[in-house]
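**Student:** So the sequence shown is numbered by the numbering used here: it starts at 1 and just counts up by one.
Hints are computed from structural coordinates only; laboratory data are not their basis. Each residue gets a CB set at the ideal place from its N, CA and C atoms; glycine is no exception. A hint or two may mislead.
Estimated spans, in silico, between C-beta atoms of each pair [as the list claims (entries may be wrong)]:
hint	residue 1	residue 2	range
1	Glu112	Asp345	52 to 62 Å
2	Val64	Ala360	19 to 29 Å
3	Asp75	Ala257	42 to 52 Å
4	Trp369	Thr183	16 to 26 Å
5	Glu54	Cys16	31 to 41 Å
6	Arg320	Gly236	57 to 67 Å
7	Leu205	Ala346	22 to 32 Å
8	Val63	Arg373	35 to 45 Å
9	Gly236	Lys70	21 to 31 Å
10	Glu134	Gly113	17 to 27 Å
Computed cross-link-like contacts, EDC-like style, restricted to lysine to aspartate or glutamate with a CA-CA straight-line distance of at most 20 Å [what the hints assert, rightly or not]:
hint	residue 1	residue 2
11	Lys110	Glu78
12	Lys206	Asp262
13	Lys110	Asp163
14	Lys184	Glu156
15	Lys157	Glu177
16	Lys70	Asp100
17	Lys129	Glu156
18	Lys206	Glu194
19	Lys86	Asp163
20	Lys129	Glu112
21	Lys129	Glu248
22	Lys71	Asp100
23	Lys372	Glu177
24	Lys110	Glu156
25	Lys372	Asp33
26	Lys86	Glu112
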Amino acid sequence: MQASLDVFLPLPLTRCGPSYTCGMLSRDMAGPDLDVRILTPRTRAFSVRPAKVEQSLPPLGRVVPYRWVKKTALDGFESRFVAAVKRRPQERRAAYIWPDASAGAISTLKNEGVLVFREMINCCLAGAKPILDEGYARLGVASRHTITEAMAQAEEKGLHAVDYIFCPNAMVEDLLERQGIPTKKLIPASYGWEPSRLAGSHCLLKPADGPTFVFVGTICVRKGSHLLLDYWASSGVKGRLVLAGAIEPFIAERCAALLARDDVVVLDYVKDIGALYRSADVFAFPTLEEGGPQVTYEACGCALPIITTPMGVGRIVRHRREGLVLDAYDRAGWIAGLRELAEDDAVRAAMAASARARAALFHWDQVAWRRKRQLIERLSGRAFAPDDALIEATP
């Protein structure tokens, strides 16, 4: 009998961010054995067939700026989702929550006999808040993130309510366990990458005098960009550091002198990320808090050696194999690592080859196949098979 999976996505389904990840997993999980349906406010130019998509907004609301219709889109969204799941055949039903559904909605689904899975796109709020608080405190300023105790408590109720939680990195699992979430609920998982998204031969940047280190993501405290700028300046590496992404105003002000260095290039959002990676020699990512960093998988797919933190490895980078894995605040280690990757061509080449080979295990179709197996095993009550691609993933 075909199982059903209803996906709760209270975001527009696009080719960016968490909704892109949701779409790729849903697309490649859907098939004769699993009927996948996504409820989303709207979608545009992103086909996820054979998964099915239902849009909660009327046709006009799908073309105007989303901020105009966001409230309308989300009014009654949970109720609509619960009603859709109830209409499914009674056996082998699952709901897949892409944050956040309320604990009440989750309980209603479970009372209907629905198995409820939740995706952790980032660390739990109760775990992320102190990490970010420390990040700002080390800079001598009050926290500028938006996480509140009330938000963390509401999320925690939902985490306890669901049956299973997909965890895209080991640190996500660790923080959930620290918050008292039973280990038996946690499913080790990963994200992936799409070779066609990165294909091409064009390089975004001209060659530099020395190696190019690239950082991709929001240039903010959470991603550790201030640390990277400091470590880079102190390393004395003759080369170029490129940061690509929107910049947090605090970082723009606090790190103005470091950002203005001749060997630092700041780009805005880069659409052709493959062209940027082809311009680089190393991917540097000292992130403080992550779920499953898409940028790391894509950098490995482009055969870049990685220097990152335990948060930034996802399930793909292993220390001294695909790159270097260092504590974000290990200043001496980061400076030494930047120098090593800049100066040792043989180490860089070996890590690049390992990154490319390991990335082949994380194409979206393979990642989704593993997710589907994990989901159907739990729907069917079968024994859980280990995921070989993830066994060595913890650095």
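**Student:** With reference to the structure, classify each hint as holding or not holding.
**Tutor:** Each hint tested on the structure:
1. A beta carbon spacing of about 60 Å between Glu112 and Asp345 agrees with the range 52 to 62 Å that was offered as a hint.
2. With their beta carbons about 42 Å apart, Val64 and Ala360 fall outside the hinted range of 19 to 29 Å.
3. For Asp75 paired with Ala257, a C-beta distance near 47 Å keeps the hint of 42 to 52 Å intact.
4. About 24 Å separates the C-beta atoms of Trp369 and Thr183, a value consistent with the hinted range of 16 to 26 Å.
5. Taking 31 to 41 Å as the suggested C-beta distance range, the pair Glu54 and Cys16 does not conform, at roughly 20 Å.
6. Between Arg320 and Gly236, the C-beta spacing of about 23 Å breaks the proposed range 57 to 67 Å.
7. Between Leu205 and Ala346 the beta carbons are some 24 Å apart, a value that agrees with the proposed interval 22 to 32 Å.
8. Hint check: Val63 to Arg373, Cβ distance near 38 Å, so the stated range 35 to 45 Å holds.
9. As the Cβ distance of Gly236 to Lys70 is approximately 48 Å, the hint placing it in 21 to 31 Å is violated.
10. At about 43 Å, the CB distance of Glu134 to Gly113 disagrees with the hint of 17 to 27 Å.
11. Proposed proximity of Lys110 and Glu78 is supported: the alpha carbons are some 14 Å apart, at most 20 Å.
12. Under the criterion of a C-alpha separation no larger than 20 Å, the hint pairing Lys206 with Asp262 is consistent with the structure, at around 15 Å.
13. Only pairs whose Cα atoms come within 20 Å are accepted, and Lys110 paired with Asp163 is accepted, the gap being roughly 9 Å.
14. The suggested pairing of Lys184 with Glu156 holds, with an alpha-carbon distance near 16 Å, which does not exceed 20 Å.
15. Of the supplied pair hints, the one linking Lys157 and Glu177 holds, its CA atoms being roughly 14 Å apart against a limit of 20 Å.
16. For the hint linking Lys70 to Asp100, the alpha-carbon distance of about 15 Å falls within 20 Å, and the restraint holds.
17. Distance restraint check for Lys129 and Glu156: the Cα-Cα separation of roughly 13 Å lies within the 20 Å cut-off, and the hinted pair is therefore satisfied.
18. The straight-line distance between the Cα atoms of Lys206 and Glu194 is roughly 25 Å, outside the 20 Å bound, and the hint therefore fails.
19. Of the pairs offered as hints, the one joining Lys86 and Asp163 holds, with about 17 Å between alpha carbons and a cut-off of 20 Å not exceeded.
20. At most 20 Å may separate the alpha-carbon atoms for a hinted pair to count; Lys129 and Glu112 exceed this at roughly 34 Å.
21. The suggested pairing of Lys129 with Glu248 holds, with an alpha-carbon distance near 18 Å, which does not exceed 20 Å.
22. Only pairs whose Cα atoms come within 20 Å are accepted, and Lys71 paired with Asp100 is accepted, the gap being roughly 15 Å.
23. For the hint pairing Lys372 with Glu177, the CA-to-CA distance comes to about 24 Å; that exceeds 20 Å, so the pair is violated.
24. For the suggested pair Lys110 and Glu156, the alpha carbons sit about 17 Å apart, so the restraint of at most 20 Å is met.
25. Between the alpha carbons of Lys372 and Asp33 the distance comes to roughly 9 Å, so the proposed pair stays at or under 20 Å and holds.
26. Restraint check for Lys86 and Glu112: satisfied, since their Cα atoms lie roughly 7 Å apart, inside the 20 Å limit.
Hint check: violations occur at hints 2, 5, 6, 9, 10, 18, 20, 23; the rest are consistent with the structure.
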